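Asks: Each chain is listed here by its residues.
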Amino acid sequence: MKKMQQIKKIQKCIEEIPGAVPLFSRIPGVVKELVDACNRHQCFDHIGSAPIPTHEAVVDIIHRARRILFPGYFSQASLSPANLEYYLGQETTQLFEDLAGQITLAVQHECFQTQKSCTHCQDQGLEKAMAVIEALPAISRMLALDIKAALDGDPAARGDDEVIFSYPGLLAISVYRFAHELFKQDIPVIPRIMTEYAHSLTGIDIHPGAEIGREFFIDHGTGVVIGETTVIGDRVRIYQGVTLGALSLPRDAGRRMRNTKRHPTIEDDVIIYANSTILGGDTVIGARSVIGGNIWITESVPPDTRVILKKPELIYSDKGRKG
Amino acid sequence: MKKMQQIKKIQKCIEEIPGAVPLFSRIPGVVKELVDACNRHQCFDHIGSAPIPTHEAVVDIIHRARRILFPGYFSQASLSPANLEYYLGQETTQLFEDLAGQITLAVQHECFQTQKSCTHCQDQGLEKAMAVIEALPAISRMLALDIKAALDGDPAARGDDEVIFSYPGLLAISVYRFAHELFKQDIPVIPRIMTEYAHSLTGIDIHPGAEIGREFFIDHGTGVVIGETTVIGDRVRIYQGVTLGALSLPRDAGRRMRNTKRHPTIEDDVIIYANSTILGGDTVIGARSVIGGNIWITESVPPDTRVILKKPELIYSDKGRKG
Amino acid sequence: MKKMQQIKKIQKCIEEIPGAVPLFSRIPGVVKELVDACNRHQCFDHIGSAPIPTHEAVVDIIHRARRILFPGYFSQASLSPANLEYYLGQETTQLFEDLAGQITLAVQHECFQTQKSCTHCQDQGLEKAMAVIEALPAISRMLALDIKAALDGDPAARGDDEVIFSYPGLLAISVYRFAHELFKQDIPVIPRIMTEYAHSLTGIDIHPGAEIGREFFIDHGTGVVIGETTVIGDRVRIYQGVTLGALSLPRDAGRRMRNTKRHPTIEDDVIIYANSTILGGDTVIGARSVIGGNIWITESVPPDTRVILKKPELIYSDKGRKG
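Chains as they are written, first to last, in numbering that gives the first Met the number 0: chain A, 0 to 322; chain B, 0 to 322; chain C, 0 to 322.
FYI, nobody ran anything at the bench for these hints, they're computed from the structure. Source: prediction; values computed, not measured. It is possible that some hints are incorrect.
When chains are identical, the list treats them as one kind, so a pair holds in a single copy or across two.
[What the hints assert, rightly or not] In silico DSSO-like pairs for lysine-lysine, Cα to Cα no more than 30 Å straight-line: (1) Lys147 <-> Lys310; (2) Lys318 <-> Lys147; (3) Lys183 <-> Lys31; (4) Lys260 <-> Lys183; (5) Lys309 <-> Lys31; (6) Lys147 <-> Lys183.
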């Protein structure tokens with residue numbers, strides 16, 4: 000017998016067990032308490048207002064965008080020069096419709112929270128979606144340069160296919176470049192769902208608001224954090240565990256520091272090795288500088304500088320003694 | 000032609016390729032070796048005993064719990080004040096049944112390993128499932144405070160929706176708070192499957208046995224480890240890469256140190272910045288203290304203390320020379 | 000009304016909105032630009048050539064391999080000693096066919112890029128797949144030892160089931176051990192898709208080319224990086240955030256350093272605690288040595304040595320003053 004059937008059978012049995020009946024009678028009390036909490040606004044719910052974007056729909060949009068940006072790599076259809084235009088046309092039209100639908104929901108939802116009605120939400124959804132669609136060719140060109148950067152920078156890379164199929168850095172950057180276009184259109188909620196989806200797959204957390212130049216390469220990537228107001232130039236390369244973050248935040252930072260530049264600026268051709276942390280909105284890493292691994296920097300570094308940690312003192316002891 | 004069809008066709012062809020026939024004849028030897036290993040107990044298998052919880056069923060339970068704890072955010076159904084009670088009633092009843100089924104399997108499985116028969120497993124499954132269900136309203140209240148903490152602490156947060164939809168910290172904490180209720184009921188295997196599911200999505204590894212107070216906020220979160228016997232007070236905030244772990248473990252730690260307090264205590268209102276590590280069961284970080292980033296602490300810190308790393312010596316060199 | 004229906008309805012409406020018509024007319028321009036870029040080889044596409052392995056098919060293969068390597072844990076079927084051989088026989092045959100299909104695609108694709116035709120690709124696919132199948136019993140024995148190592152090393156481990164169901168380290172090692180067999184057969188693209196799939200689930204990034212001995216245990220694991228030319232002995236244990244990586248790479252490292260030993264050698268019985276980094280192809284950590292947490296090592300360490308960081312100077316200040 001299949002396990003699933005066994006499990007179903009067990010669950011069916013529950014309702015016939017003598018002990019189960021008094022237990023079931025305890026559920027309504029729990030439900031009432033949950034409902035009351037929502038009625039008293041002590042829970043976070045999304046009830047009775049306009050529908051909101053769904054995680055699933057946004058993830059679908061990301062995958063469709065990838066199929067357009069890397070034709071033939073992630074699609075079931077076999078592509079040939081003859082059918083490429085037809086394929087891209089169909090996918091792009093569908094992407095526009097899906098985007099317009101989700102963006103409308105996001106805009107509408109925000110609108111309802113403030114003024115309870117919405118006259119231009121659908122127009123805005125359409126306009127913003129089209130602006131994103133029109134950015135696709137530029138994104139495609141940027142990603143081609145990002146792939147080149149991976150091939151140049153990683154001795155373990157065996158070819159374009161391997162980078163496109165399996166490099167988490169490229170996945171995170173692809174999603175970021177797409178989400179950043181939505182962010183520029185001031186679309187609520189969706190850009191962050193997109194980059195957090197990439198974060199969940201890669202461990203690379205790029206805020207959609209960051210500004211990142213050409214030929215960007217992240218190797219390995221787990222633990223990378225790139226904050227909202229970070230600015231990164233061209234041909235920058237970073238490794239796993241690098242944080243480009245904010246200086247220590249006061250307890251009420253949420254309100255006080257919104258919309259200030261809190262994250263660093265990394266100029267062209269900089270390399271930052273694994274697990275280094277660079278903090279602060281006024282911190283600038285000058286062009287062509289190299290930041291060694293495991294370094295904590297809160298002040299600017301001039302161009303053409305190499306920064307390494309003074310060799311930290313290690314204590315070596317024979318394992319007989321306790322070190 | 001669709002790629003999948005092509006692939007299917009290739010696979011079908013395999014059986015007709017001349018070279019394939021002698022190859023197929025080598026499979027039985029491999030299978031025999033695999034079977035023999037299991038028969039000699041040299042493999043880990045799960046054969047012939049009671050069915051065990053499945054990863055899929057446990058993940059389903061987590062998603063149902065989230066739909067109850069954040070009504071309207073993750074469900075397909077449109078909710079209104081009129082249908083909320085009906086919706087929560089149905090979902091909660093189903094959650095109870097699913098939980099009771101999986102918990103019964105987990106309890107039964109453990110029971111069979113020691114005594115080969117099980118008289119009270121189903122009753123235990125029901126009782127323990129109901130205890131978890133009855134904790135839902137309290138979990139819901141805790142999560143509302145956790146969301147508030149995220150909005151207070153993160154200047155990049157644009158509203159409740161963004162936090163609920165996309166913050167990995169909230170996802171990890173939600174799953175932890177739910178799994179912790181199962182852990183308190185001494186349910187085997189399932190709580191850890193739950194928190195490891197969250198770990199796989201977020202990079203945040205919270206053991207279900209940890210005890211965590213109100214208004215807990217984890218920002219970014221990748222690389223966070225919170226060990227089994229950690230105790231965390233109210234209004235604590237931690238950043239990516241923070242480990243609350245055990246001091247170095249001897250080789251046979253598995254047996255010798257089970258059930259001892261091995262992980263630190265973090266009192267109320269503490270902030271711990273990115274990539275800091277706090278180790279040891281006797282280590283207490285006193286209330287309102289602030290631990291800077293990149294710090295390694297194995298001793299207690301008094302209340303109201305700020306701890307930062309003495310500015311490590313960095314070596315700056317012109318990039319012409321090799322640093 | 001179901002949300003999905005609402006969303007569908009919104010999307011349907013889009014085509015009827017007056018403002019939408021002029022917007023739709025802007026899509027062909029975007030599509031033309033995307034097509035032109037591909038025609039001028041300014042995009043990365045996969046058009047008109049042989050079909051390539053798909054991510055989905057490779058992930059299916061991983062899951063089938065896990066069902067064979069841990070019989071009864073991840074399968075729907077209930078197994079008994081009576082049906083075990085039948086079950087393993089069927090699964091192993093299917094795994095062989097799936098592997099042969101995907102490997103043929105990978106080999107063919109690489110072949111086409113250089114010589115436009117392929118005479119032995121299918122034979123190679125079959126032979127290489129069979130070599131992997133014949134390695135299954137040895138992988139199974141290795142994994143049994145890896146599970147033992149987890150139980151020995153982790154005081155929080157409550158039993159085999161918990162380790163097999165939920166330990167990210169075991170998942171990453173299982174996928175690595177399987178992918179490594181493909182890597183040894185010099186199969187393009189697929190081994191890396193496999194280990195990057197595990198990386199996305201666990202935050203543990205093991206290159207399929209690394210060589211890893213018996214009884215390997217990774218605890219927690221997020222942020223672990225094990226580079227392509229790393230060699231690891233028996234009974235080694237490592238913790239979250241450990242990098243076994245390459246020394247700083249020149250900008251054109253991709254070309255210049257391929258196929259050189261760039262990553263360290265870790266001898267038998269070594270323990271490396273959380274967030275330590277060991278770099279360089281000539282770096283050898285001698286047998287039975289213990290490397291403390293948060294350490295940066297670029298030189299060899301003799302056997303039987305304990306290495307810890309000299310207690311870094313911390314600055315403690317009263318929180319009234321700014322630290």
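Asks: Next, verify each hint and record whether it holds.
Replies: Right, here's what the structure says about each hint:
1. Lys147 <-> Lys310: neither (34 Å within a copy, 38 Å between copies)
2. Lys318 <-> Lys147: between (47 Å within a copy, 25 Å between copies)
3. Lys183 <-> Lys31: Result: close only across copies, 24 Å inter versus 43 Å intra.
4. Lys260 <-> Lys183: within (16 Å within a copy, 44 Å between copies)
5. Lys309 <-> Lys31: Neither: 62 Å inside a chain and 55 Å across chains, both beyond 30 Å.
6. Lys147 <-> Lys183: both (26 Å within a copy, 27 Å between copies)
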